[in-house]
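Student: Could you put together the complete structure from these sequences and hints?
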Amino acid sequence: METIFLIFILFLGGAIVTWMAGKLGNIVQDILFLATIIVPSYLFYANVATGYAVDFNVGGIELSWGINAFGWLFSLIVLGLGAVVSFYSVSFMKGKERRGFFYFNFILSVMSMLGILMSQDLVSFFIFWEIMTWSSYLMVVYNGNDVQRIGIKYFVFSAIGAYAMLMAIVVIKSITGSFMIENFISAYPSFSFDMQILIPILLLTGFGVKAAIMPLHVWAPGAYSNAPMAYTSIFSGSLSKMGIYGMVIVFTTMLSYVPEGIWFREVIAWLGGFTAVFGTLWAIKQDDAKKLLAYSSVAQLGYIIVGVSIGTPLAMMAGLFLAVMHAVFKGTLFMVVGAIERQTGTSNFTEVTGLIRKMPWTFVAALISIIALAGIPPLGGFVGKWMLYESLITSDHYLLVIVIFFSSTAAFLYCYKFLFGFFLGQEEEEWAHVKEAPALMVVPMMILAGLSFLLGTYPGIVLKPISEGMQVLGYGLTQGELWDTSIILNGWGNQVVLQPILYAIIGIFVFFMVFVTLKGFKSTRYVTTKDISSSGEVPLAHENLTFSQNFFQPFLRAVEPAMRRQIDKYYNAIANGLESLFEFTRRIYTGNGQTYAIYVIVFVVILLIFKDSIFG
Amino acid sequence: MDSIWFKLLGVVVSFIVAFAVGMTYMGLNRKITARVQNRKGPPFYQNFIDAIKLGSKTTAIHHGVMQHFGPAFLMVSSVMSLMIIPILNNGMWFSNLNFHGDLIFLLYIMVFGPLGMALGAGQTGNPNSAIGVTRGLSQMVGFEIPWVMALVALMIQFHTTSIVDLINIQVESGTWLIFSSPFAFVAAVLAMLGMFRYSPFDIVGAPTELASGPMSENGGKYLFTMMSSASVFAFAKLTLYVDLFLGGASNLIELLIKTFVIYMIPVLYGVVSPRYRTEQSIRYFWGWPAFFGLLAILYAVFF
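Those protein sequence lines, which keep their order, are chains A and B. The opening position of the first sequence corresponds to residue 1 in the working numbering, with each subsequent residue numbered one higher. The opening position of the second sequence corresponds to residue 1001 in the working numbering, with each subsequent residue numbered one higher.
It is worth saying that the hints were derived from the structure and are not from the lab. Hints should not be assumed to be uniformly reliable.
What the hints assert, rightly or not - Over 10 Å on every C-beta distance to chain A, these chain B residues come out as not near it, computed from the model: (1) S1003; (2) G1010; (3) F1019; (4) R1039; (5) K1053; (6) S1173; (7) T1175; (8) R1197; (9) A1206; (10) L1246; (11) F1260; (12) V1261; (13) V1267; (14) W1288; (15) F1303.
As the list claims (entries may be wrong) - Subject to a maximum C-alpha distance of 20 Å in a straight line, what follows is the list of computed SDA-like cross-link-like pairs (lysine to any residue): (16) B:K1057 to A:Y526; (17) B:K1007 to A:P500; (18) A:K358 to B:V1065; (19) A:K285 to B:Q1280; (20) B:K1258 to B:I1169; (21) A:K435 to B:V1065.
This structure is a prediction, so every number in the text was calculated from the model and none was measured. Positions of the beta carbon are idealized from the N, C-alpha and C atoms, including for glycine.
Tutor: Next up, the structure:
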């Protein structure tokens, strides 16, 4: 049998068996779950070569599954993150209800994402896309909180995206007579002008919903924060990247064939820029860690969208590198929130504080990921940010680079809020009992944090598959021109050499670390956070010195005019308008048989009265 | 000449120079402020005395591991900036890491320290520290905008992001960038007012209100490290301005004169200014400074 079929059979069969196995005991279920994620992933990397595809025929429709180098790059995100998070999930779901349901949807999500990457035809692409939407929807409503508001919002926007995509597929089929993506792309330049405009708009709407680009992002904060954190890691880390995957293909194939493509690029890039700014501003406002990270995900996807839509080799590389990095650090951060929520029962900054001494390993993972998120050297986020700025400057997007810079400087604010809110600040009696999360949760976080660190100095590890994927999309060879194992360059020949920088940073840090603590570390004694200078007074145990309310109030005051308008309100206005329209129609279609009888009689009477003028 | 020991020596020498110059400038600042306020003021070498006193003290208590890290993070940022910024324009002495990083890298390594410091301040649990940090970060978002606009204007005008290239352009053409891109200079200098955190932008550590903000809870060697980091960082920033706009300096005397002139801008503006609230200072930076930044970009694109 073809390995590709075997992979999907294993995923699908494993998902069902795992769900059923709940009766056999929790450990059996856990092992089945892990095996269902790990075994097909292993088969995929061991046996499926890039460029290989199987064609087959279902019900008279030609289908084709295979993988190219570009899909292979995204498979690293999907299967790599999926495997790491699956170990975390086992520990996360311990003692929770409906584990089978969670595992089932988790496996289906991973399978459908791999399916999207392997689909060479539009039918299976759409089917996998829908499986992905459904499984993620079921995860969003897993907790049963706010299903009416959050679940429906996610569903309505997914439906808008799916219908747009379906419409595009139908149009393509009617023009080319084939569902093959390859055929469609090669025929695209010969389409009429209207179709050349319409099809990218429909497809970008479909992909834009998943990538949470403004104004299609409103589902994201609620959906990301409502799903179980173990799932949100892959929801935000890899599922949203499927939107990016689709967008990149639209940009590099269709839109590069037609002269109007440049306008699409500019508009989408600016939308991405605004997504980044407003996502960041709203993230700063949040008091709940889940919401904060959800808005931050929206903002980070904005950077990625800017990169891929500008589309110069450096910008595309920056966008794809950031996509990988975002999966790594945002996956970790959602896991951190999950661990804290599991240990303390809350994820609200105004409630929990001072965990650094109770959960040190979680803190280290969070610290490294936050530094990567903020884009501070020498971690991986910096490489992506650097390439993004340089690509914007070298491709004449001077105002966009300011917008992006504003957003990523403002991101420091929520980064600090995240670390301070959970880990630093006053230690309170209430949380004195909190223990470090179980090893099975800490180890996946540390692995991903280590990866953030590694990619900051040796970005070449990821840039190699990226540049191979880009060659499939028609870009030239970039190694040596724009990057090397630990050097990044811009188009003008300026460079950042990462290895000596890492050594210098470590050297200086260690030197002053030793200088400060030499002789001091042993002789000083630890005192509680109540033992502080407060104008000569001694704060008593019951006095509350925690600072967590209105954390960035001065900043929010300064940007208040920009946050007065919310896109949500406009959507609500539209929804209310539609609702009153439906109310009006209900007055006509009352559902009452007698009313309908009157309509019929009135109609017949009208016919009788005007029979001469109508029938002549 | 290229051996690792020679490079290390270069780092140590530039660190000592930066430390001494920065400390002296800060002492002069105290003296000038005092004279403006009709006080006698401390001698200009008072900061050295303070530094020696702090450095020789032992610390009795600590609040946890991040508090140890804080000063070290701060130093990483200062020393890395010093190593990336070319000190002299002849490219022979003190070239440290000049060719390994560019302006964008510099922008990010410059915020590394304040953030690391903020973490250290956070763990002490003093609410004043955290309040100071939130103010500092908010204000940073304010002044980074005109500052980046100025830098982007320079980058697109000369098609390079490297500081060394920008100096070479000035040396070769004989025209300082202060003349060839004046709006960028105005925007950058206005942003510098915030960067130095003197009045009117000193709400971060507002001594009478927040008990020095992020610095409270730190004494002895910790405070000494922070103080020396601040003076090294001040020197690095001033050198950067000289490199970018005043054509760099071919010897130390020239460098001292130029940096002193630049340093007088925030000092003299500060002594006659009251204090802004955080949101006022953010809006200040997004007003005229950002406008000049925009002009600089337009100027660079069209001329």
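Student: Far enough from chain A: is every CB of that chain over 10 Å from the CB of B:W1288?
Tutor: 15 Å, holds
Student: Looking at B:K1053 again, its CB stays over 10 Å from all of chain A?
Tutor: The claim stands: B:K1053 keeps its Cβ more than 10 Å from every Cβ of chain A (closest is about 16 Å).
Student: Please confirm whether B:A1206 is truly not at the interface, meaning its C-beta sits more than 10 Å away from all C-beta atoms of chain A.
Tutor: It holds; B:A1206 is separated from chain A by about 12 Å at its closest Cβ, greater than 10 Å.
Student: Does B:V1261 really sit off the interface, with its C-beta more than 10 Å from all C-beta atoms of chain A?
Tutor: 29 Å, holds
Student: Just checking, B:V1267 versus chain A, shortest CB gap more than 10 Å?
Tutor: Non-interface label on B:V1267 holds, nearest chain A Cβ at 25 Å vs cutoff 10 Å.
Student: Beyond 10 Å from every Cβ of chain A: is that where the Cβ of B:S1003 lies?
Tutor: 14 Å, holds
Student: Checking a non-interface call: every C-beta of chain A should be farther than 10 Å from the C-beta of B:F1303. Is that right?
Tutor: Since the minimum Cβ distance to chain A is about 14 Å, B:F1303 lies beyond 10 Å and the statement holds.
Student: For B:F1260, is the shortest CB-to-CB distance to chain A above 10 Å, so the non-interface label stands?
Tutor: Correct as stated: the minimum Cβ-Cβ distance to chain A is 27 Å, above 10 Å.
Student: Far enough from chain A: is every CB of that chain over 10 Å from the CB of B:S1173?
Tutor: Given a closest Cβ separation of 18 Å, the condition holds.
Student: For the pair supplied as a hint, A:K435 and B:V1065, confirm whether the alpha-carbon distance does not exceed 20 Å.
Tutor: 18 Å, holds
Student: Would you assess whether B:G1010, listed as outside the interface, keeps its beta-carbon beyond 10 Å of every beta-carbon in chain A?
Tutor: 12 Å, holds
Student: For a C-alpha distance cap of 20 Å, please report whether A:K358 and B:V1065 respect it.
Tutor: 13 Å, holds
Of the numbered hints given earlier, the model fails none.
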